[in-house]
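Listed below, chain by chain, are the residues.
Protein chains: 2
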Amino acid sequence: MNFTDKIVSTIKSRRSALCVGLDVDLGKFPDILKNEKDPIAKFNKEIIAATQEYVASYKPNLAFYEQFGTSGISDFEKTLSYIDDDVFVIADAKRGDIGNTSKKYATAFFDQYNCDAVTVSPYMGEDSIGPFLDREDKGVFILVLTSNKGSNDFQMMKLENGKYLYEHVIETINKWNVKKNCGIVVGATHPQMFENIRKMTPDMPYLIPGIGAQGGDLENTVKYGFDKERVLALVNSSRGIIYASSGSDFAERAAEEAKKLRDKINELIGL
Amino acid sequence: MNFTDKIVSTIKSRRSALCVGLDVDLGKFPDILKNEKDPIAKFNKEIIAATQEYVASYKPNLAFYEQFGTSGISDFEKTLSYIDDDVFVIADAKRGDIGNTSKKYATAFFDQYNCDAVTVSPYMGEDSIGPFLDREDKGVFILVLTSNKGSNDFQMMKLENGKYLYEHVIETINKWNVKKNCGIVVGATHPQMFENIRKMTPDMPYLIPGIGAQGGDLENTVKYGFDKERVLALVNSSRGIIYASSGSDFAERAAEEAKKLRDKINELIGL
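Chains as they are written, first to last, in my numbering: chain A, 1330 to 1600; chain B, 1330 to 1600.
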């Protein structure tokens, strides 16, 4: 089964298109974890146990683990071990380098950590993405139109041929997607672009950040971002779910928020 | 002293504009290290001890350490401890994410690992670079025109205003460079572009990969990439130096190659 079909099948069998971002931040952790020896692993373990039934996917962002050096990477590895096999794991790493180097990043995320997919930046072009695309069993979410303000700086530049740079990136990804293992990252803060993007990529899975703390528009994102026939998108929420409470009920409140958002998405897409 | 002045001062005081890339690859390691308990740390320790007098900078590429998970990151940390304080350390990480996430990457590379500079990708725009630029004491090398074939896919796209995307990236970086802590990455495989780029950024330090295994043109790169008044560029070589020999003389041969390249650069720039 190729990566695209695997996404659809995971979303359908788990009845969820929700991705929960595991962006660990000690400053936002509940007091109850203050005296834990390993608060990050403990926090993620409880969050995952409480929210897992409502999600299709988890997306740990590497920056939040790398900031602590080896101990952070060890927490990242522990976190992965708490996630069930049929839940999709996306390493949000936004990597990309010359070919022989990207190959090592592919080894890191696909073999060493055994994640299902990784996010990558397109700026360095084909050979920087190739080593990820070579892996038929794994997926690559390529940055196209991101959820932040800075997406206007380069992604929205008009090219000589009248297209936006992000549209040219999409057209190029369409050529690369021979093994049907490409996805794209499109921020929910650009709902007006989704209709055009879905036309350009009818069969491509999206990873959609920007709901919640970043102010994205869920209704319009779902209306245009999801296609009618197949469920080809994962909607991510990080802070809005995992920091729903800083009390001792943090895991239960995270579960409530995850269920609420999952149900809302399901209602909108008719899943 | 700002980052730009610090680069110049380091290059002058060490009489070297050479950066050695520490891209560790077990497959290329000398047989003599095969039975070492910690071959990566041992290899880097010997390479650094042998080459340090000829370099201005080391550039460990994170992919080569991340591929081994926590043990790789531990080797990265050990490697940093072998490098003298007055040698510039550039974490070649090519990171970049939304603001609150890039902030964590800045913490990782500037505080946790205490590197002097980091490489970042511009695709996500201003707020993805901002947290790195906020650090007056540290430097950021932003990808502009990279050394690989894929640099043609997006960086060389013509914009509506007739400029290449990479030129627009440079103009934007010029606006961001308030604290004089921006550098740019320009591949030695594009020597014909250096004259134009140096005109656009007379006072900006360059990190120049692509010499050696990637086939870059040292003479023309130095001719146009370095300015006449100040030494504002670091020329990187990785494989050509650290894998000069796979015999027991690997460290001595690496030192020979480092000295040779340093002298060649110095001759060309008159340092």
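No lab work stands behind these hints: they were computed from the structure.
Accuracy of the hints is not assured; some may be wrong.
The list treats identical chains as interchangeable, and a pair is accepted whether it falls inside one copy or across any two copies.
Using 27 Å as the maximum straight-line C-alpha spacing, the simulated DSS-like pairs for lysine-lysine come out as follows [unchecked claim]:
1) Lys1366 - Lys1509
2) Lys1366 - Lys1432
3) Lys1432 - Lys1509
4) Lys1407 - Lys1509
5) Lys1504 - Lys1589
6) Lys1528 - Lys1432
7) Lys1528 - Lys1509
8) Lys1357 - Lys1432
9) Lys1363 - Lys1335
10) Lys1487 - Lys1528
11) Lys1487 - Lys1589
12) Lys1593 - Lys1432
13) Lys1504 - Lys1366
14) Lys1357 - Lys1552
15) Lys1432 - Lys1407
16) Lys1374 - Lys1432
17) Lys1508 - Lys1478
18) Lys1504 - Lys1492
Outcome of the hint check:
For a Cα distance limit of 27 Å, the shortest separation of Lys1366 from Lys1509 qualifies neither inside one copy, at 43 Å, nor across copies, at 41 Å. When the C-alpha separation of Lys1366 and Lys1432 is checked against a cutoff of 27 Å, the pair qualifies only between copies, where the shortest distance is 25 Å, while the shortest distance within a copy is 35 Å. Only within a single protomer do Lys1432 and Lys1509 lie at most 27 Å apart by alpha-carbon distance; the minimum there is 19 Å, versus 33 Å between protomers. For the homomeric pair Lys1407 and Lys1509, neither the shortest alpha-carbon distance inside one copy (30 Å) nor that between copies (40 Å) is at most 27 Å.
Taking the closest pair of Cα atoms, Lys1504 and Lys1589 never come within 27 Å of each other, the shortest separation being 38 Å inside a single copy and 43 Å across copies. Within a single copy, Lys1528 and Lys1432 get their C-alpha atoms no closer than 31 Å, and across copies no closer than 35 Å, so neither meets the 27 Å cut-off. In this assembly of identical chains, the alpha carbons of Lys1528 and Lys1509 lie at most 27 Å apart only when taken from the same copy (17 Å versus 43 Å across copies). For a Cα distance limit of 27 Å, the shortest separation of Lys1357 from Lys1432 across copies, 15 Å, qualifies, whereas the shortest one inside one copy, 35 Å, does not.
Neither within a single protomer nor between protomers do Lys1363 and Lys1335 lie at most 27 Å apart by alpha-carbon distance, with minima of 39 Å and 40 Å respectively. Proximity of Lys1487 to Lys1528 under the C-alpha cut-off of 27 Å is found in both arrangements, the shortest distances being 19 Å within a copy and 24 Å between copies. Proximity of Lys1487 and Lys1589 under a CA criterion of 27 Å is satisfied in neither setting, with 39 Å inside one chain copy and 45 Å between copies. For the identical chains of this complex, Lys1593 and Lys1432 are neighbours neither inside a copy (39 Å) nor across copies (31 Å), given an alpha-carbon limit of 27 Å.
Taking the shortest Cα distances, Lys1504 and Lys1366 never come within 27 Å of each other, neither inside one copy (49 Å) nor across copies (45 Å). Within a single copy, Lys1357 and Lys1552 get their C-alpha atoms no closer than 33 Å, and across copies no closer than 52 Å, so neither meets the 27 Å cut-off. Proximity of Lys1432 to Lys1407 under the C-alpha cut-off of 27 Å is found in both arrangements, the shortest distances being 24 Å within a copy and 23 Å between copies. Taking the shortest Cα distances, Lys1374 and Lys1432 sit within 27 Å of each other only across copies (25 Å), while inside one copy they are farther apart (30 Å).
In the homo-oligomer, the alpha carbons of Lys1508 and Lys1478 lie at most 27 Å apart only across protomers (22 Å), although the nearest pairing inside one protomer, at 32 Å, exceeds that limit. Taking the shortest alpha-carbon separations for Lys1504 and Lys1492, both the intra-copy value of 17 Å and the inter-copy value of 25 Å come in at or below 27 Å.
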